[in-house]
Amino acid sequence: MDGSGHRRAALTARTAGLVGCRQCTRVSPLGTELCPRCGGRLESRDETSLQKVWAWWLVGVMFYIPANVYPMLITRTVGRSQEDTIVGGVVELTHYGAWGVAAIVFFASVMIPVGKFIAIGYLAMIVRKPHGHKPGHLLHLYEVVEWIGRWSMIDVFVVAILVALVQFELLASINPGIAAVCFALSVVFTMLSAMSFDSRRIWDEIETVTKEGAE
Amino acid sequence: MTDDPDRPASPVAEPTRQMRRVVSAVWLVPIMAVLVALAIAWQSWQSRGVLIAVTFPDASGVEAGTTTLRYREVTVGVVEDIGFTADLQFVNVYIRVNNAIAPYLDEDASFWIVQPEVTARGVEGLNTILSGTYIEGTWDNTIDEPRVAFLGDERAPIVPPGVEGTPIVLRARDSARLGPGAPILYRGIEVGEVADPRLSPDGTEVRVDAFIRAPYDRRLSTATRFWDSSGISATLGAGGVDLRIGSIASILEGGVTFDTLISGGEPIRAGQIFSIFEDEAAALASTYETPSGRSIRLSALFPSAASGLSEGSPVLYQGVRVGVVTDLTGFIRPDDPTEQVQLLTVLSVQPARMGLDNMVNDLDGIDFVDDLVDEGLRARLTSLSLFGSDLGVELATIPDAPPGDLEIGVAENPLLPSAESEISGLTASAEGVLDRINDLPIEELLASATNLLDNINRIAADDATRALPAETLALLEDSRDLVRDGRNIISSPEVASVLLAMSETAQDLRAITADIEERQVATLLADTLEATGAAAANVAEGTEDFAALTAQAQDTLAGASALLNDEDTQALPGVTREALTGARDLLDAPELDTILADTAAAVADIRSLVAPFDGSALAATITSALDRLDRVAADVAAGTADLDTLRGTIDSIAASAEALVASADTQALPGAARGLLDDGRALVNSPEIETILIELASVTADIGAITRELAEREAVQRLTDALDAAAQAADSVAEGVQNLPEITASAERVLASAETLGAGLNDLTDKANALALDELVNSTTQLMQTADAFLSSDEADDVPVVLADTLEELRLTIETIRTGGTLDNLNVTLRSAAGAAESIQAGAADLPALLARLQAVTRDASAVLQTYGDGSRVNTELYTALRAVARAAEDVSSLSRTIERNPNSLLLGR
Chain A
1 MDGSGHRRAA
11 LTARTAGLVG
21 CRQCTRVSPL
31 GTELCPRCGG
41 RLESRDETSL
51 QKVWAWWLVG
61 VMFYIPANVY
71 PMLITRTVGR
81 SQEDTIVGGV
91 VELTHYGAWG
101 VAAIVFFASV
111 MIPVGKFIAI
121 GYLAMIVRKP
131 HGHKPGHLLH
141 LYEVVEWIGR
151 WSMIDVFVVA
161 ILVALVQFEL
171 LASINPGIAA
181 VCFALSVVFT
191 MLSAMSFDSR
201 RIWDEIETVT
211 KEGAE
Chain B
216 MTDDPDRPAS
226 PVAEPTRQMR
236 RVVSAVWLVP
246 IMAVLVALAI
256 AWQSWQSRGV
266 LIAVTFPDAS
276 GVEAGTTTLR
286 YREVTVGVVE
296 DIGFTADLQF
306 VNVYIRVNNA
316 IAPYLDEDAS
326 FWIVQPEVTA
336 RGVEGLNTIL
346 SGTYIEGTWD
356 NTIDEPRVAF
366 LGDERAPIVP
376 PGVEGTPIVL
386 RARDSARLGP
396 GAPILYRGIE
406 VGEVADPRLS
416 PDGTEVRVDA
426 FIRAPYDRRL
436 STATRFWDSS
446 GISATLGAGG
456 VDLRIGSIAS
466 ILEGGVTFDT
476 LISGGEPIRA
486 GQIFSIFEDE
496 AAALASTYET
506 PSGRSIRLSA
516 LFPSAASGLS
526 EGSPVLYQGV
536 RVGVVTDLTG
546 FIRPDDPTEQ
556 VQLLTVLSVQ
566 PARMGLDNMV
576 NDLDGIDFVD
586 DLVDEGLRAR
596 LTSLSLFGSD
606 LGVELATIPD
616 APPGDLEIGV
626 AENPLLPSAE
636 SEISGLTASA
646 EGVLDRINDL
656 PIEELLASAT
666 NLLDNINRIA
676 ADDATRALPA
686 ETLALLEDSR
696 DLVRDGRNII
706 SSPEVASVLL
716 AMSETAQDLR
726 AITADIEERQ
736 VATLLADTLE
746 ATGAAAANVA
756 EGTEDFAALT
766 AQAQDTLAGA
776 SALLNDEDTQ
786 ALPGVTREAL
796 TGARDLLDAP
806 ELDTILADTA
816 AAVADIRSLV
826 APFDGSALAA
836 TITSALDRLD
846 RVAADVAAGT
856 ADLDTLRGTI
866 DSIAASAEAL
876 VASADTQALP
886 GAARGLLDDG
896 RALVNSPEIE
906 TILIELASVT
916 ADIGAITREL
926 AEREAVQRLT
936 DALDAAAQAA
946 DSVAEGVQNL
956 PEITASAERV
966 LASAETLGAG
976 LNDLTDKANA
986 LALDELVNST
996 TQLMQTADAF
1006 LSSDEADDVP
1016 VVLADTLEEL
1026 RLTIETIRTG
1036 GTLDNLNVTL
1046 RSAAGAAESI
1056 QAGAADLPAL
1066 LARLQAVTRD
1076 ASAVLQTYGD
1086 GSRVNTELYT
1096 ALRAVARAAE
1106 DVSSLSRTIE
1116 RNPNSLLLGR
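Just so you know, the protein sequences line up as chains A and B, in that order.
Just so it is clear: in the first sequence, position 212 is 212 by this note's numbering, and no numbers are missing.
Just so it is clear: in the second sequence, position 347 is 562 by this note's numbering, and no numbers are missing.
Check the hints yourself; a few may be wrong.
[Unchecked claim] Just the calculated beta-carbon pair ranges, DEER-fashion: (1) A/Phe157 / B/Arg263: 30 to 36 Å; (2) A/His137 / B/Ala254: 41 to 47 Å; (3) B/Ala485 / A/Val163: 51 to 57 Å; (4) A/Val114 / B/Ile255: 22 to 28 Å; (5) A/Ser81 / B/Arg263: 16 to 22 Å; (6) A/Trp147 / B/Ala254: 35 to 41 Å; (7) B/Val238 / A/Phe157: 32 to 38 Å; (8) B/Ile488 / A/Ser81: 44 to 50 Å; (9) A/Trp147 / B/Val238: 28 to 34 Å; (10) A/Val163 / B/Arg263: 27 to 33 Å; (11) A/Glu169 / B/Ala485: 29 to 35 Å; (12) A/Leu170 / B/Ala254: 31 to 37 Å.
These are computed hints drawn from the structure, not numbers from a lab.
Note that the Cβ used here is the ideal one computed from N, Cα and C, for glycine as well.
Modelling step: build the complete structure from the supplied sequences, incorporating the hints.
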């Protein structure tokens, strides 16, 4: 996995005139349309990958805006209704002194989504042209983004659980705000964006650099 | 290309670098998202609603973004922002109102903040505790020119949203008892409420918007009256205490009641102004006020200051309020020489309420009042309440008022004549009563009562008082003994024997009665009565000349008077005195005893003489006596003819009596009488009287013995004897009557002498009265004193002892009566009495015939009396004679009284 150590050995299938199946990993000659083993569609490089990434990324960012502007939770306790946005809730928690909880919420609801947007955007930006970064680091970044994506829904989970539990009619009730839906959609689109990224592209440009460096 | 062992052996062909630009379909997603977002934004922008600004004094509980605007409890808007007006006086609440509602928000829209509110009438806005404060709005359902700026109300408008009714305006002098939200009651039902009171533009009164809900606002008309029904009203008047307590809400917040008391009102329009009256009575009174009734101003002068009369005091006419006192000032009449300050009251009076129908101008009213004044209308102060603290002016018609006119020109207004006031009434009476109580001599009374009680104490503590019960007990024991003796007497055999004797007597009586029946006594009696009737007729004829008789009697009296003045009459007392002395000597003489013994013997003889007559003989005697009486009556008729001569004789008697009265001895008689009285006094003082009394006691004892003796004799036998004698006497009388003319002559003589004597004695008595009255009284007083001294002497104590002895004798007598077979004899006696009664019944059968005869006698008597008719001299003279006889009898009686008073004058000759 050490890129620098295997620079010389970084022969890609594409370079070898092959194309690997992304499902059963059988390598077929370049140009083969379908995988002879699993029937999967073979494609050396997804030409529309970055487009998809950017499109999903854009939708995710779009949904992230109302997710922060509109209230996430609508809490009604004995006639009084309180609407909390994500950041507002964090601020309120800090006011109550619940620093730990505030940190968790802030981390899960703000840091991670925003970090994902930045990470995905950075990867999609950097792979278009040759770059000097080590492909291994980029791959790690991509893997982290993909792995952590599922945890981004923690806020939505909390909201869903609270809404299901706290329904005491007049005394107290918690309803999801419009921001919850937006936030969930934002996470979903962000994950789609991350999945749309063709991680093989990370290596292509490195190859180019190596080639240039060799010349 | 390098030979790299890592490379696959068969390199594939160099991939053709496809430079064709492929656009992913994923791009549709963000495009769709943007489109949807834009659509949503556009839609929300479109339906965002209209932002209106409502200005409130404060915005308690209102939160931007949370507080809603509701219309009929439906949210139609949300508060977006809260700010202040430029001068920070008010709060601007910016409300985003739904588009569908916004067009209706025109100038009639009103907004208020609904908060939980607890009032006396209940809890309102309770739901806001849970839901939070909200803003309620109301507006009508017509689309008008929309507005965006409104002035919010402090509280809900009195016209609730969607409630039909009529808004009105109430007018009051002050709103002290009228809080916002106070209920309007119609016969106890809350039919509306009032809003915040506010001052009228000119500041003279308070106006309150009010609202009457729909079904009840039909009760409103121009004749409707509102009055204050708030709280508790207590009225103390002559009719008692009147206490009215409204509902709790009306006590706390006040309230207004209305009613349409009279018909004839016109329909009202919204915003009609009504006045609030003090109470129902005032409202009722105002009903009768004719709004067009003109007032005239009159004045009245009252002599003194009258506290309690003030501006606004009522003017009453026949109990009806016809006006009001508008001014009070001191006033001096210009034509009053004493320059006395009087109280001038100015009265505003409505003549229409006094009976004037159509008053065109003030002059009509003044003429009308002038006419009433001519009929007696006067102004006077009158008390309105029980204790006279509130005064009013009463226009009273006083029937007998002194003449007065409506004076014009004295004061500013026509001056009503005033009458004396009736203010004081009860107060004055109460003061008078208190004064009298004050004047009562209570201290003296208490002192006297204390003395009295002290005396009673002393008496009660006295030993004699304590001895009383014991003596009473002894007295009762004596009484018991007496009753026991009485019982013993009744059960004695003597009583029985007495009753037996009575029985025998009754049997005799029955035999007599039977005998009388046989001899037809009744028939004879009838005849006798007939004769008496004839005699009476003659008498009637004789009594004609009454007037002349009177005149002659007067002459006779004059003669008698002259006689008394005569010297001979004066000498009469002296002669009488000598005669009395002689009489005393006579009494002292021992021959008197002999005479008495002879008399007793004579009586015994008479008794033996009468004894032979038994019962049957008696009846015969009575019969013959009646026969003779008949003849006597006939002779009387004949004898009356001689009465004329009798009158002449009486005349001469009068003349001689006159001479006698004029004699000097008669004059001396009073002096002798005086001496006689002095002697009497000396006699009473003498010790002999005491011995007389002692002897009297022994005489009483003797009488008791005599009584005993008499009881033993046969009283019935003696009665029979007496009747026999009476029959004989009657026989003799009958014989005597036959000689009536002679008797009449004798009577004339007797009368003449008697008249002379009587006239003398009469005059003597008069003179004695006139001359020695004082001395007589003094003597009598001394006599009484002496008698008193005598009675208080020790000898007087002996009298009761003698009396007790007498009673003891009486008891013994009754005891002897008791010892016979009384009850058996009584039965026999009663049987005999029954027989006697039967005989009387048989005799009564003849009574009709007897009555017939009696009637005939009466007729004859009437004829006789007619003969003594008017003008008869007999009549006149008989009258004179009778007068003389009467006078003589009077004189004899007075002489006998004098002798009775001084019996010792006979003894002593004085």
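Hint check for B/Arg263 and A/Ser81 - Cβ pair distance inside 16 to 22 Å: The hinted range 16 to 22 Å holds for A/Ser81 and B/Arg263, with Cβ atoms some 21 Å apart.
CB-CB spacing for B/Ala254 and A/Leu170 relative to the 31 to 37 Å hint: Holds, at about 36 Å.
Outcome for the supplied range 35 to 41 Å, where the beta carbon pair is A/Trp147 and B/Ala254: The hinted range 35 to 41 Å holds for A/Trp147 and B/Ala254, with Cβ atoms some 36 Å apart.
Consistency of beta-carbon spacing, A/Val163 to B/Ala485, with hint 51 to 57 Å: holds (54 Å)
C-beta pair A/Phe157, B/Arg263: status relative to the range 30 to 36 Å that was hinted: holds (34 Å)
Cβ separation of A/Glu169 and B/Ala485, checked against the hinted range 29 to 35 Å: For B/Ala485 against A/Glu169, whose Cβ atoms are near 45 Å apart, the range 29 to 35 Å is violated.
B/Val238 and A/Trp147 - C-beta distance against the hinted 28 to 34 Å: holds (30 Å)
Hint check for B/Ile255 and A/Val114 - Cβ pair distance inside 22 to 28 Å: Given about 24 Å between the Cβ atoms, the range holds.
C-beta pair A/His137, B/Ala254: status relative to the range 41 to 47 Å that was hinted: For B/Ala254 against A/His137, whose Cβ atoms are near 43 Å apart, the range 41 to 47 Å holds.
Distance restraint evaluation - B/Val238, A/Phe157, Cβ atoms, bounds 32 to 38 Å: Holds: the Cβ-Cβ distance is about 36 Å, inside 32 to 38 Å.
A/Ser81 and B/Ile488 - C-beta distance against the hinted 44 to 50 Å: For A/Ser81 against B/Ile488, whose Cβ atoms are near 47 Å apart, the range 44 to 50 Å holds.
Range agreement (Cβ of B/Arg263 with Cβ of A/Val163, hint 27 to 33 Å): holds (28 Å)
Violation of the numbered hints given earlier is confined to hint 11; every other hint is satisfied by the structure.
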